[in-house]
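Protein chains: 2
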Amino acid sequence: MNIVLPQWLRDEPLLPLVDDAAAMKWTNDLVHKNIEHGTGGPFASCIVDQSDGSILGVGVNLVTSLNCSILHAEIVAITNASDNLGTWLLGGTRSLTLYASAEPCAMCMGAIPWTGIRRVVIGARDEDIRAVGFDEGVKATSWLEGYAERGIDVVQDVCRADAIAALQAYIDRGGEVYNGHRHHDNKS
Amino acid sequence: MNIVLPQWLRDEPLLPLVDDAAAMKWTNDLVHKNIEHGTGGPFASCIVDQSDGSILGVGVNLVTSLNCSILHAEIVAITNASDNLGTWLLGGTRSLTLYASAEPCAMCMGAIPWTGIRRVVIGARDEDIRAVGFDEGVKATSWLEGYAERGIDVVQDVCRADAIAALQAYIDRGGEVYNGHRHHDNKS
Chain A
14 MNIVLPQWLR
24 DEPLLPLVDD
34 AAAMKWTNDL
44 VHKNIEHGTG
54 GPFASCIVDQ
64 SDGSILGVGV
74 NLVTSLNCSI
84 LHAEIVAITN
94 ASDNLGTWLL
104 GGTRSLTLYA
114 SAEPCAMCMG
124 AIPWTGIRRV
134 VIGARDEDIR
144 AVGFDEGVKA
154 TSWLEGYAER
164 GIDVVQDVCR
174 ADAIAALQAY
184 IDRGGEVYNG
194 HRHHDNKS
Chain B
14 MNIVLPQWLR
24 DEPLLPLVDD
34 AAAMKWTNDL
44 VHKNIEHGTG
54 GPFASCIVDQ
64 SDGSILGVGV
74 NLVTSLNCSI
84 LHAEIVAITN
94 ASDNLGTWLL
104 GGTRSLTLYA
114 SAEPCAMCMG
124 AIPWTGIRRV
134 VIGARDEDIR
144 AVGFDEGVKA
154 TSWLEGYAER
164 GIDVVQDVCR
174 ADAIAALQAY
184 IDRGGEVYNG
194 HRHHDNKS
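Residue numbers (this note's numbering), protein chains in the order written: chain A, 14 to 201; chain B, 14 to 201.
Only chain A is shown next, with the shape it has when bound in the complex:
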């Protein structure tokens, strides 16, 4: 499995992101571009060095275009940053923030602590994502406490309305809601 960013994303200028609002605005723009280019679901993420705002990794949802269910935006951003930095330990001596247009699903929530990233900034809430039809998975209700115990700060609701609008734009265009277990007996 070669996780290759779509050409439009490789062509995107990676200008420094000066603060959380600027970073989330850019991340939400990536969601809209991912919808327009038809390269995946309505989710985007980036990993930023807090010292200078430089973008170290970027990802959009590529589940349907690369045909792999784990290719959520945060997973793609983590793999991209790992390539760029040449290490599995993204955090280490760096202070990094992971921006996510929408609250990480159970998988992505589980993935972030393994990276050493210590700050996560989120747009749409879990309930906003479920409201448009996506399942967020079997997520610990106490995940924020679990993050705090591991030294990871979480900031919620940054540009939330914009993130919700991006989710809705996907649904309005008839985008596929592609959770695997929906294809058989499923109560949720």
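You may find that some hints are simply not true.
What the hints assert, rightly or not - If we take Cβ atoms under 10 Å as the criterion, some of the chain A residues that face chain B in the derived model are:
1. Ile83
2. Ser95
3. Asp141
4. Val145
What the hints assert, rightly or not - Per label pair, the in silico range of CB-to-CB distance:
5. Leu27(B) <-> Gln63(A): 44 to 52 Å
6. Asp32(A) <-> Gly66(B): 52 to 60 Å
7. Glu189(A) <-> Arg107(B): 15 to 23 Å
Said to hold, decoys possible - Short derived list, chain A residues pointing at chain B, Cβ under 10 Å:
8. Leu28
9. Leu98
10. Thr100
11. Ala119
12. Asp148
Note that these hints are calculated values from the structure, not bench results. All of these numbers come straight from a predicted model, not from anything done at the bench. No residue lacks a Cβ here, since even glycine has one placed at the ideal position from N, Cα and C.
Position chain B relative to chain A; hints supplied.
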């Protein structure tokens, strides 16, 4: 990020696995081989078609050899099966079992429902993994119920003693316990 299986694993014969015990024995053998070859942590996984025992995907932990924290055995097996089948929906019309030498961490537990796989067979328990020093992450205590609600059956403790022995073999050889958040303030 190109997720390439190590050469020794690509050379491994993929003979049909006739039952759970045979599948878990083979999976535990992969753990030992991954330790011997120094290609990653003490975890292995495979995805098997229940109709004929054919192996559709295989994975070992590649975190340290490919320098990416998300490359747990289950994630690698899912990407390998996605490549082999050419679809993100592994389950679909097929009845598949995912074998894991050890209970999936929070990330892998979150990933499995997105694949459409409806049966999971596990060797070592969560507490066995934590006992040798690995963190399993912020996992919902009710994850088995969450799986049941999504139509996913889980069988635990298959060849558990062999799986524990494989974990211990890694520690005895001085293998790295590579959880990102251990590199800074961390209580667990």
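These are the hints, each one checked on the structure:
1. Because the smallest distance between the Cβ of isoleucine 83(A) and any Cβ of chain B comes to about 5 Å, under 10 Å, the interface hint for this residue holds.
2. With its C-beta approaching chain B no nearer than about 4 Å, serine 95(A) sits inside the 10 Å limit, and its interface hint holds.
3. At its closest, the beta carbon of aspartate 141(A) sits 19 Å from a beta carbon of chain B; the interface hint therefore is violated under the 10 Å criterion.
4. A distance limit of 10 Å between C-beta atoms decides the matter here; for valine 145(A) the minimum to chain B is near 17 Å, and the interface restraint is violated.
5. Look at leucine 27(B) against glutamine 63(A): about 45 Å separates their beta carbons, and that is inside 44 to 52 Å.
6. One distance hint, 52 to 60 Å for the beta-carbon pair aspartate 32(A) and glycine 66(B), holds here, with the actual separation near 55 Å.
7. Range check, glutamate 189(A) to arginine 107(B): Cβ separation about 20 Å, and the 15 to 23 Å hint holds.
8. With a least beta-carbon distance of about 23 Å to chain B, the hint placing leucine 28(A) at the interface is violated under the 10 Å criterion.
9. With a least beta-carbon distance of about 8 Å to chain B, the hint placing leucine 98(A) at the interface is held under the 10 Å criterion.
10. Because the smallest distance between the Cβ of threonine 100(A) and any Cβ of chain B comes to about 5 Å, under 10 Å, the interface hint for this residue holds.
11. Evaluation of the alanine 119(A) hint against chain B yields a held restraint, the C-beta minimum of about 3 Å falling below 10 Å.
12. Given the 10 Å rule on beta carbons, the hint for aspartate 148(A) holds: about 8 Å separates it from the nearest Cβ of chain B.
In summary, the numbered hints that this structure violates are 3, 4, 8.
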